[in-house]
Amino acid sequence: MTTVLPGEHISAQHVNLKLGPGLLQLSSNQGESAVVSTRAGELKHSANRSRWWVEGNSRRYIPAAQESVVGVVIARSGENWRVDIGAAHMASLDGLAFEGATKRNRPNLKVGSLLYARVSLAHKDMEPELECFDAQTRKAEGFGELKGGFLVHCSLKMCRLLLDPNHFLLPILGARFPLETATGLNGRMWINTKDPRHIIAATRCIEAVDPDEGGMDELGVKKFLGTLDI
Amino acid sequence: MSAHSPTLRLDGRNADGLREITLNYEGLDRVDGSARFGFGETKALASVSGPIEVRPNLELPSQATLDIHIRPVAAISGTDSKALAATLKAILTPALLLARHPRTLIQVVGQALCGSDTGSGIGSAGRGWNASLTASLVNASSAALLNAGSVPMRGVVCAVSVGRIASGNEKEALLVLDPAEAELPRLSGSGCFAFLFSSVLPITSLNEADIPPCSLLWTNYSATTPFNESELHRARTLAERGAQVVWGKLKESVAWMEASSTGKGTQPKRERAGQQQEQFPESESEVDDNKMEI
Amino acid sequence: MPRAPSPSIPEKEFLYSSLKQSLRLDGRNTLEMRTPTLTFGPELGWVECSLGKTRVIAQVDAKMVKPPPERPLEGIISIHSEISPMASSDYEPGRPSDEEVTITRMLDKVLRRSDVVDKESLCVLAGQRVWHLRLTIHCLADAGNMLDCSCLAGIIALKHFRRPEVEVVGDEVTIHHPSERAPVPLSMHHMPYCLTFAYFPDTTIAPVLDPSRLEQRLSAGLLSIALNAQRELCVVQKAGGVPLDPDEVLRIVDIAVGKVKELDGIVEARLKEDWAGRVVEVL
Numbered sequence: 001m002t003t004v005l006p007g008e009h010i011s012a013q014h015v016n017l018k019l020g021p022g023l024l025q026l027s028s029n030q031g032e033s034a035v036v037s038t039r040a041g042e043l044k045h046s047a048n049r050s051r052w053w054v055e056g057n058s059r060r061y062i063p064a065a066q067e068s069v070v071g072v073v074i075a076r077s078g079e080n081w082r083v084d085i086g087a088a089h090m091a092s093l094d095g096l097a098f099e100g101a102t103k104r105n106r107p108n109l110k111v112g113s114l115l116y117a118r119v120s121l122a123h124k125d126m127e128p129e130l131e132c133f134d135a136q137t138r139k140a141e142g143f144g145e146l147k148g149g150f151l152v153h154c155s156l157k158m159c160r161l162l163l164d165p166n167h168f169l170l171p172i173l174g175a176r177f178p179l180e181t182a183t184g185l186n187g188r189m190w191i192n193t194k195d196p197r198h199i200i201a202a203t204r205c206i207e208a209v210d211p212d213e214g215g216m217d218e219l220g221v222k223k224f225l226g227t228l229d230i
Numbered sequence: 001m002s003a004h005s006p007t008l009r010l011d012g013r014n015a016d017g018l019r020e021i022t023l024n025y026e027g028l029d030r031v032d033g034s035a036r037f038g039f040g041e042t043k044a045l046a047s048v049s050g051p052i053e054v055r056p057n058l059e060l061p062s063q064a065t066l067d068i069h070i071r072p073v074a075a076i077s078g079t080d081s082k083a084l085a086a087t088l089k090a091i092l093t094p095a096l097l098l099a100r101h102p103r104t105l106i107q108v109v110g111q112a113l114c115g116s117d118t119g120s121g122i123g124s125a126g127r128g129w130n131a132s133l134t135a136s137l138v139n140a141s142s143a144a145l146l147n148a149g150s151v152p153m154r155g156v157v158c159a160v161s162v163g164r165i166a167s168g169n170e171k172e173a174l175l176v177l178d179p180a181e182a183e184l185p186r187l188s189g190s191g192c193f194a195f196l197f198s199s200v201l202p203i204t205s206l207n208e209a210d211i212p213p214c215s216l217l218w219t220n221y222s223a224t225t226p227f228n229e230s231e232l233h234r235a236r237t238l239a240e241r242g243a244q245v246v247w248g249k250l251k252e253s254v255a256w257m258e259a260s261s262t263g264k265g266t267q268p269k270r271e272r273a274g275q276q277q278e279q280f281p282e283s284e285s286e287v288d289d290n291k292m293e294i
Numbered sequence: 001m002p003r004a005p006s007p008s009i010p011e012k013e014f015l016y017s018s019l020k021q022s023l024r025l026d027g028r029n030t031l032e033m034r035t036p037t038l039t040f041g042p043e044l045g046w047v048e049c050s051l052g053k054t055r056v057i058a059q060v061d062a063k064m065v066k067p068p069p070e071r072p073l074e075g076i077i078s079i080h081s082e083i084s085p086m087a088s089s090d091y092e093p094g095r096p097s098d099e100e101v102t103i104t105r106m107l108d109k110v111l112r113r114s115d116v117v118d119k120e121s122l123c124v125l126a127g128q129r130v131w132h133l134r135l136t137i138h139c140l141a142d143a144g145n146m147l148d149c150s151c152l153a154g155i156i157a158l159k160h161f162r163r164p165e166v167e168v169v170g171d172e173v174t175i176h177h178p179s180e181r182a183p184v185p186l187s188m189h190h191m192p193y194c195l196t197f198a199y200f201p202d203t204t205i206a207p208v209l210d211p212s213r214l215e216q217r218l219s220a221g222l223l224s225i226a227l228n229a230q231r232e233l234c235v236v237q238k239a240g241g242v243p244l245d246p247d248e249v250l251r252i253v254d255i256a257v258g259k260v261k262e263l264d265g266i267v268e269a270r271l272k273e274d275w276a277g278r279v280v281e282v283l
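Chains as they are written, first to last, in our numbering: chain G, 1 to 230; chain V, 1 to 294; chain F, 1 to 283.
Same shape as in the complex, but just chain G (with noise of 0.2 Å):
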């Protein structure tokens, strides 16, 4: 494992080189051009050396385009819904971006309704925007209004965590009860089951096993899972 601090110089050479989150390419004082790293993190390369990043832990959401959010409906501005995601400044959602959403027939969301959306902009300058249905197909595909359940905050890295298909926390918990989730990567998941306790359950198990928390292992879950009341 290599861990970078900021600033420090990162021999990445390829004729196709991408940079990813936490590298910069900067200009030195001798007017060459160095990649810098920007964060404090684990240096990662792809298998053929030409994709790096850094791979870091955070609490902060900073938007990306077309990445999965949890937010919460903050205010209507007029047409518009402002949206909670985390990150500096609200997003905005258009009333219409919904799955065959018309002028007439369009969700009926309140003011701390938790949505799952698309990051569809995503720019410094600009404020982020949220589409609830898939660029492509346009049709909802588990973008839409979340209701009842609960919503876990966590880390970022616990959010890219969950995303992984061979993690081991939600095939566990799935085994002890049936849940439904819906993962952003702003650090929030929402979690639905229909006995209360078992939404204690998963949200303190996630708790537990978070990086930033407790970084608990799968024989530490199963323990303790096993001291819960469920």
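Hints are supplied without guarantee of correctness; some may be wrong.
What the hints assert, rightly or not - A short list of chain G residues far from chain F (calculated; beta carbon distances all over 10 Å):
id, residue
1, R138
2, G142
3, K157
4, L169
5, D229
Said to hold, decoys possible - Chain V stretches covered by chain F per the calculated footprint, using a threshold of three residues with CB under 8 Å from any CB of chain F:
id, region
6, 25 to 36
7, 45 to 52
8, 62 to 73
9, 102 to 111
Quick caveat, the hints were computed from the structure, so don't treat them as lab data. These numbers come from a predicted model, not from an experiment. No residue lacks a Cβ here, since even glycine has one placed at the ideal position from N, Cα and C.
Given the coordinates of chain G, work out where chains V and F should sit on it, guided by the hints.
Leaving out everything else, chains V and F in the frame of chain G:
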């Protein structure tokens, strides 16, 4: 820098010896990053939030607003704390790529965890920011920024303090690294030196292979008697060596950053940090057992 | 930073419905407190106290001052408790929120006005020299119920603190540095603790002790009771919210009595442990 005799300093350190460095990532619940840094008992805590929503009157159209609050251990922030906040802002700004997040706020809170002679009843607690405490505060802020991971950085700022012991018979004043509180009365001058470590900077003579080059960002070196350029140069050289040690400590911490916020107030041992790869050590599950009871 | 957005509808509905079944998100019982963790600093009168993820540092220092002419025989106690954005970026320095004002006022009532420290014992030379105790509360993280955590940290810091020994010969006052003579503990009348109970809009939901942040945000009223292990009430504060039956208040006071005894036991044990491990150097 040479150290002539081992009894030079009260705690037996060499002139270029730092006190033991402690570094903990605190995992404070409602901020994006937090860290506690200490040279011996001279400790400071810092937290970072951001990029977050900024109040319209602080908003800058082309870059993030860096907002710094400094709090002494006793009583409320006075002018000295506000002055230090302004200094810290000047120190941290070159290290941050603020233009990457315009119209947002990056909020840093620095909290001193000790004062001069706290609790002795002499009434000086929390008064005055000595050079070592300032250095701890700078390093804690840097570590908190690393922990937050949400503010892109050009490099890392590390700081150390240098003290000056004027000796009557020698021509040159003796310089010591990282003076402890007990040594302060013996000093005839001191100062904090803050360096930016970044590979975009030109390589210096003191450069070591695996540490990026650094440049001096700020110092408040001052003495009660006049000093010349060469003394300042010696102080800077001494400080640079010390800052490299701090940088090494921060680098080492990246590997255990995440595991550290779980063990409340305990710093993983050096040996453990080395072993720790993807698996978590046994002690981790013990910590979680405690959590269940809560 | 403008005020934090209110919790979403699903969070609100889930919290209420699970509390109806007496389930709390962190697995506690409704009348269970988060066990406090205490860490003492190298100096006397420095304590870090946490209730779950809520963390507070309290620090006491003393200096000698001339007393005001209207109270020549009493020492002075002042409490600083400004909340910094470290606790949460929702707190703005210089613009105290309602919660901050409540905490400041409660700390004043519980730790100063309830006569915790014997003020007359802080007088060194009548009309000339008295001790001025300064208690500073730093809230590091707000994960709910900062009030109880602050009061707890504050009272422990006062109990942990020792002031320097002084010697008065005629009009001469000599302060002995802790390294010369062992410092002396403050003379304290009692140890009050503050306990906060949260009530919810639906009155069929039982009140919860030591509310978490979400519980506090969604509560419809807080009842804070400060009392000591000798069953003496110091403050009962209920600022607005749902109306309560007088019997309900008495029932809660009864519960609080039991909880305070437990808490007092934990605190005494930790103070003893710390004192045993401390070497006071006297030359």
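Results for each hint:
1. For G:R138, the shortest C-beta to C-beta distance to chain F comes to about 26 Å, beyond the 10 Å cut-off, and the non-interface label holds.
2. The beta carbon of G:G142 is kept farther than 10 Å from every beta carbon of chain F, the shortest such distance being approximately 16 Å.
3. Listed as a non-interface residue, G:K157 keeps its Cβ farther than 10 Å from every Cβ of chain F; the least gap is roughly 19 Å.
4. Interface exclusion of G:L169 from chain F stands, the closest Cβ pair being 18 Å apart, more than 10 Å.
5. With a closest Cβ-Cβ approach of about 8 Å to chain F, G:D229 is found to fall inside the 10 Å limit, against its non-interface label.
6. Proximity of the region 25 to 36 of chain V to chain F, defined as three or more residues with a beta carbon under 8 Å from a beta carbon of that chain, is established by the 6 residues found.
7. Only when three residues or more bring their CB closer than 8 Å to a CB of chain F does the claim for the region 45 to 52 of chain V stand; here the count is 4, and the claim holds.
8. With 3 residues having a Cβ less than 8 Å from any Cβ of chain F, the region 62 to 73 of chain V passes the three-residue criterion, so the hint holds.
9. With 4 residues carrying a beta carbon less than 8 Å from a beta carbon of chain F, the region 102 to 111 of chain V meets the three-residue requirement, and the given coverage holds.
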